[in-house]
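> Sequence:
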Amino acid sequence: QSHLLWKPDTPVAPLIDEFMEAYYGPAAPKVRAYFDFMHREVDERPIHQMCEGPSPHFVTAAYAETALKLLSEAEEAARDNRVALYRVRAEKLCVLFGDLNARNPFNGRLEVGEEVFAARLAEFVRIARAMRIGQFVRRLPADEWLQRVARIKPERKPWYLDPVIERLAADPEGTLAAEQRRYLQTAIPGGWRLELEGFRGARGPEEYGYLCPPRRAIWIYGTNTEHPRMWTVLHLKAVPDGAAQLVLTGQDDDKPGAVRVRITLNGRVLLEGANPFRERGWSTERLAIPAGLLKQGENELRFETVGESPAPDAGWFMLADCQVLVP
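Every letter in the sequence shown is one number past the one before it in the numbering used here, and letter 314, counting from 1, is 314.
Among the hints, a few may not be true.
Said to hold, decoys possible - Derived DSBU-like pairs: lysine-lysine, alpha-carbon spacing no greater than 35 Å straight-line:
no. : residue 1 : residue 2
1   : Lys-153   : Lys-237
2   : Lys-153   : Lys-295
3   : Lys-295   : Lys-157
4   : Lys-255   : Lys-157
Claimed, not checked - FRET-style restraints, in silico, Cβ to Cβ:
no. : residue 1 : residue 2 : range
5   : Gly-209   : Ala-274   : 22 to 28 Å
6   : Pro-141   : Pro-11    : 26 to 32 Å
7   : Thr-186   : Ala-274   : 28 to 34 Å
8   : Glu-111   : Arg-262   : 48 to 54 Å
9   : Thr-186   : Ala-22    : 38 to 44 Å
What the hints contain is simulated information worked out from the structure, not anything from laboratory work. For every residue, glycine included, the Cβ atom is placed at its ideal position computed from N, Cα and C.
Kindly produce the complete structure, drawing on both the sequences and the hints.
Okay, here's the thing in structure tokens:
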């Protein structure tokens, strides 16, 4: 830029190459390929990058796939140059963050296998740990971001000194599976509580208190929105005898008419139609679980809306507590 201030008619491409060679060393050709790819994407797609937060529409799944491939090739080219390798990984960190933040198992938008997600998350934390990065998102601590996208909850400060990060870096899939199981369910008298943090696809968990007593909750909107369904899994070591009950505390949206939902357990419909919960307040409903429906191992519980939201703040169904009770 300083060169162009003195000589504004100078061709730009040779200046970019000069910078790339000086800054990225042996990785310069590969980083230049990524640079050109990124600029083509910005030119060809309707992208707006705001200054106050992430723009999840920029790093699409296809963008991440190509960008990570190019930057991995740049890493390989820089493997014997510590300074250049550090600089390449700083670029890769940004792509990994954009990918993980936009698509993860808990926002319901994951487009790669969970093993790929785990590997990318582990690579992200390894790079961020090496760079001693304390925070990824403005006004959101790193431990809260990790809990939000992967249900990993470091307890030490700084986050990268927590033993769970070391385990994640060494065994991505195993650590993610073990940590996520901690949030799925809690044994209670007569059954299990399915924890809100274990649900996937929902908005939240967040505290909600508009026209009702405040409670932490998760919720879904209509089929024309980003959050039309949510689901979780109940793990059972043995099959309970007889029938059981699904006990739900929730509420309908605060607009006239009841939102239509479908609730299924292991593919069997337990409720379909207008939800029976109160508007502008919490209520508890019990749904019968027929004998023999629960099974040993994983039992999938799924909530879906069956109609569109007429407005951004309408057409939602909210859940604050979910229990499975057995005789």
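> Hint by hint, say whether it matches the structure.
Each hint tested on the structure:
no. : hint                            : verdict
1   : Lys-153 <-> Lys-237             : holds (26 Å)
2   : Lys-153 <-> Lys-295             : holds (30 Å)
3   : Lys-295 <-> Lys-157             : violated (41 Å)
4   : Lys-255 <-> Lys-157             : violated (44 Å)
5   : Gly-209 <-> Ala-274: 22 to 28 Å : holds (24 Å)
6   : Pro-141 <-> Pro-11: 26 to 32 Å  : violated (46 Å)
7   : Thr-186 <-> Ala-274: 28 to 34 Å : holds (30 Å)
8   : Glu-111 <-> Arg-262: 48 to 54 Å : violated (24 Å)
9   : Thr-186 <-> Ala-22: 38 to 44 Å  : violated (56 Å)
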